[in-house]
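> Each protein sequence line maps, in turn, to chains X and U. Numbering of the first sequence is given in the working numbering, commencing with residue 1 and proceeding in unit increments. Numbering of the second sequence is given in the working numbering, commencing with residue 1 and proceeding in unit increments.
Hints in this document: simulated from the structure, not taken from any laboratory. Predicted, not measured: the structure shown is a model, and the values here were computed from it. Cβ atoms here follow ideal geometry from the backbone N, Cα and C, with glycine treated the same way. You may find that some hints are simply not true.
Which residues of chain U face chain X? A few of them, derived with a C-beta cut under 10 Å, are [said to hold, decoys possible]:
1. Gly-180
2. Pro-372
3. Val-470
Quick partial rundown of chain X residues pointing at chain U, CB under 8 Å, derived from the structure [claimed, not checked]:
4. Gly-179
5. Ser-302
6. Arg-419
7. Ala-422
8. Gly-449
9. Ala-453
10. Ser-454
11. Ser-459
12. Val-461
13. Ser-474
14. Glu-477
15. Gln-493
16. Arg-516
Label-pair distances were calculated between CB atoms; the ranges are [stated by the list, open to error]:
17. U:His-539 <-> X:Asp-512: 33 to 43 Å
18. X:Asp-512 <-> U:Glu-282: 39 to 49 Å
19. U:Glu-476 <-> X:Gln-456: 16 to 26 Å
20. U:Pro-473 <-> X:Gly-410: 21 to 31 Å
In case you want the letters, here they are:
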Amino acid sequence: MPEIDPTEHEIADLGPEVNQIDDEQELEEMLALEKGGEARDAVITLIENRLDDVAGEAEDVDPAGADLTEMTIADIANMVREVDDVDVLEDILDREQDGKDRKGAKSQIESRIQSLEGDDGEETEVEYVPPEEKYPDLDHPTADKQYVEGTVDGDYRDMWVYCETQQGQLVDVSREMLGQARHLMDTYNTEGDPSEGQYGGDEDGNPEEVVAVLIGDGVSELAEECIAYGADRVVYHEDERLERFKHKPYTEIFCHMCRDFEADWREYHEPRYNIFPATNNGRDLSALVQGELDSGLASDCSDLYIESAMISNPAKTGTPGDSKEFDRILHMPRPDFSGFEYSTILCIDKPHRDFHPQGASVIPGTFDMPDPDHEREGEIVEHDLELPDEWFDIEIVESDRLDDGVDLTGNDVIVSMGRGIADDPTRGIELGVELADQFEEADLGLSRGVLTASYQFDSHVEQYVQMERQIGESGQEVEPDVYIAAGISGAVQHKVGMDESDTIIAINTDTDADIRDFSDYFIQGDLFEVLPQLTEALEEGDFAEAVAEVSDD
Amino acid sequence: MTKHEHYEALVVGCGPGGAAAAATLANQGVETLVLERGTDAGSKNVSGGLLYGEKSAPYTLDTLFPNFREEAAERPVGEYYIHNVAGRQVKTFDLHDIHHRDTEWCDAVLRRKMDSWLADRVHEMTRETGGGLLTNVRVNGLLRDGGEIVGVTLDELDPITADVIIAADGVNSELARDAGLMDWEDPEDWFQGVKAVVEMDPEVINERFGIDDDEGVAHLFSGDLFDGVRGGGFLYTNDQTLSVGTVFHLDSISEEQAEPHELLDNLLTHPLLDQWFQGEYEEREYAAKLVPDSKKVAHPSPHRGRLLLVGDAAGQMQAQGPIIKGMNHAVTAGGLAAEAFQEAKTRGDTNAAGELYERKLEEEGVLAKLRPKRYRATRAVSESSIVNKVGNAVLDSPVGSVGLKAAGKFGLLEKSFNSPFVLGMIPDTKMSYAVIPERIGEVMGTRVTDDNTVEPPELDDRIGDLTYDVDDPHIELQDNSFEASGTAVTACPVSAEDFGGGCYREETIKTNGGQEKVVSLDTQPCVECGTCAVVADTHWEHPSGGKGVEYKQG
């Protein structure tokens with residue numbers, strides 16, 4: 001029997017307790033108890049995580065005997081970093097070749113061997129000193145970061161595009177980026193002139209892909225659309241806890257997809273290119289992901305293209321005085337000094353340190369919206385990762401959507417009030433609301449004139465007199481089945497917001513009002529008299545009859 | 001102090017004054033940044049449309065910018081007439097002499113085309129110096145350090161500092177006002193102009209005006225066309241349009257509660273214009289602007305610290321009777337301001353640029369043209385109402401008519417209209433704008449028998465045809481009582497009485513037990529002319545960069 005019976009405790013109390021326990025046996029028993037009891041997901045995850053940790057600590061892998069097929073490339077990278085014996089490394093390399101033969105894993109092992117043996121006699125003019133030796137005073141030398149040393153001469157492929165969603169839809173910039181990525185990779189995969197970005201695929205002549213990344217709640221539904229806009233492959237992770245953008249889980253998931261996610265199709269260490277939208281969330285995510293992957297980021301880019309680049313910077317070439325051509329370089333122009341100048345950012349590997357993925361965030365609207373091709377085919381892959389609860393420590397307790405609090409589109413009927421209500425503004429709004437209430441899907445709209453007037457409204461109608469109800473050029477554009485314009489003259493600024501409506505009924509005292517020209521029915525009369533009649537007729541029955549009746553007057 | 005981005009010279013506004021300043025600075029290798037709030041240079045700018053190259057001017061656009069006249073201007077204007085109108089009676093004088101006096105050339109221009117052409121060159125030239133032209137940015141004030149002007153603040157960008165700031169930001173210059181060099185207080189200091197650009201086929205223009213492809217005409221109109229409001233009208237021929245407009249004293253528009261768009265329509269529909277329209281009328285654009293009356297507001301010392309004012313921002317707009325010259329003075333002033341900075345720099349004290357600029361304006365005779373001493377000397381007498389009454393009485397008497405006829409017979413009147421000396425004295429009274437021309441027309445005129453059938457667009461259509469990028473309101477009504485701000489309802493060129501689609505609207509609201517007449521404001525149709533800043537109680541600013549109205553003709 002364990003010391004603590006989890007079924008007797010709240011989750012919040014269990015966390016600190018469980019993390020104190022070092023005994024695997026005891027944890028297993030607790031897990032069994034919980035599963036036999038309420039089987040709370042969070043508690044199970046908590047105990048399982050602790051189990052993993054404890055087990056990991058206990059079992060110090062012996063490199064000489066490790067089962068490589070059970071290990072990820074990252075695990076292997078961590079392991080070989082500790083090994084100083086070249087023979088052991090050679091043995092590991094042989095076993096990997098006989099086993100899974102992963103290119104990424106082999107390059108990790110090879111690079112470790114190389115770093116122990118030194119370069120084969122080539123004159124390395126810039127001597128490499130590992131960061132921890134070079135800066136012994138730093139309290140966290142870069143090498144402590146797990147992947148810095150891991151990304152040397154790595155294997156990189158594909159252009160990954162983070163497809164942001166809002167309200168269950170792709171945001172436009174996601175589509176724009178997919179279109180541009182498609183274009184770039186089509187060129188990239190074409191045999192031809194490298195200076196034009198044509199490489200005929202990867203270093204071995206195999207084509208590379210556009211990989212769309214979707215993270216969120218229910219995002220798998222958008223996968224087909226990503227393919228239609230240009231993706232060859234969609235990797236998605238959905239979880240209801242991902243409904244809103246959150247730094248921690250989104251970053252962890254994205255990085256895991258890029259680096260640690262083992263799947264048949266990705267035999268490479270990390271993506272070659274990562275593209276993000278320069279939206280609020282995209283800027284956030286791009287910085288975190290590229291930081292975690294120990295690469296760079298060009299933010300707010302206004303163009304992207306791939307070509308080769310001649311570089312003479314010795315930090316990159318390794319040899320002072322020499323120029324070296326780097327190929328497959330993503331060129332990332334971005335505005336400087338508030339758009340007054342542009343600079344093109346290149347993210348280039350240097351000796352002993354890779355800068356991949358080459359990452360960029362793209363200003364929305366930079367690229368044209370592509371036409372979707374719904375016939376396109378692609379692979380859809382679900383990303384598989386258990387999301388620990390501590391990634392969700394931040395809880396969104398309240399949220400507010402700005403600006404479009406009132407959405408007038410999608411109504412069957414809109415009753416719109418104009419400056420014809422001037423004689424008694426409060427009564428005018430009341431009449432409009434009463435009429436709108438007669439329909440199932442109906443709402444009240446206002447002309448800009450009402451909203452910018454000095455009318456005094458009684459408090460009970462004030463809630464309706466809001467900018468967000470404005471219809472027209474600077475407000476909403478609506479096309480309901482029936483649009484009733486009461487006391488609206490119909491200036492062109494109003495017209496553009498409503499003249500796609502199926503049937504337009506105008507009520508105005510002025511027979512010369514412009515709105516008459518684009519109304520289906522024009523009722524000459526005072527809205528204070530006409531609206532109550534319409535409301536009454538609707539209460540009794542047929543609206544069409546009522547309109548006919550009133551307009552015959 | 002925080003380190004800001006720094007340039008040797010900042011030029012605010014890329015109209016002719018700013019362009020001339022920037023080009024001159026760039027020619028001297030001064031690192032120059034030009035800031036323009038329009039989405040394109042010229043998109044915020046309106047002028048009547050005649051640009052003079054004066055023989056006496058030290059700087060003209062055709063010398064600063066090769067091929068300017070061929071590529072950026074409309075037709076060269078060689079003929080210049082004034083029509084004195086009394087009902088259907090019209091007497092026309094040829095103002096050839098005054099038009100050609102000191103004139104090397106004179107072209108009709110449309111500002112969108114002209115200013116954007118200039119801007120392209122300005123960008124190229126200033127870029128060579130390490131600067132350039134930036135559009136869509138609004139300079140909203142001066143940056144000071146310890147009370148000294150050191151740069152500008154902007155809506156869109158962080159503050160920028162410079163050794164000299166040349167404010168060519170137009171009649172509603174926010175920099176001139178920030179520096180305390182200009183205000184919007186007195187309607188007497190301003191004219192308001194409205195203009196319609198009217199479509200007309202080039203061959204039709206040639207035929208109806210009796211000119212060739214590379215010729216143009218200017219007509220001025222005065223008399224009883226404008227319901228007693230002091231001002232006049234003009235018509236200039238462009239390549240494939242006409243610029244037809246009216247310009248009035250703002251105090252007179254205010255007093256008479258005149259509707260500027262209706263006064264423009266008075267001109268457009270006058271029988272005299274039928275010879276040119278012949279029943280056809282297609283309006284491309286309606287526009288308006290304030291015009292400073294340089295006789296009153298041309299600043300004799302248009303600088304403060306590192307800030308130098310150029311063009312309309314300094315009130316440098318010469319309007320004396322039929323002489324209407326503004327852009328050319330702005331060009332000269334821009335060139336002189338740049339020259340002054342370069343000289344001050346050579347002498348090792350860039351802070352002396354303002355003083356040098358002021359001296360140059362004086363020495364080059366610019367100020368003398370803008371603020372003639374004769375006007376100041378005679379104004380007290382000629383604008384007094386007793387003198388005007390006597391004048392009226394004399395004109396109406398048989399003796400007066402005989403006098404006019406006699407004067408007309410000997411060409412004396414035509415001669416005096418053509419005399420800069422007489423024009424410099426012309427008082428700003430109803431007598432000189434309406435009464436005398438009307439009497440001239442009445443007594444000496446011939447009758448126009450044509451009927452003008454054109455129907456200019458209603459105000460709501462004029463507004464509807466303009467292009468706007470509407471932003472948050474940039475004008476706030478400080479006092480919405482009718483007493484304080486009611487004049488704007490009529491004086492604003494895009495507002496009118498009983499018109500709900502304009503900026504300013506009169507409303508009666510019920511308050512506890514009583515009624516109150518108030519004014520409401522919607523800045524959506526605003527054309528940023530600045531009229532309401534003068535006649536109403538407002539807090540007036542320009543919209544942010546690229547926002548607000550966008551003129552396609554200008």
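> Checked against the structure, which of the hints given earlier come out wrong?
1, 2, 4, 5, 11, 12, 14, 16, 18
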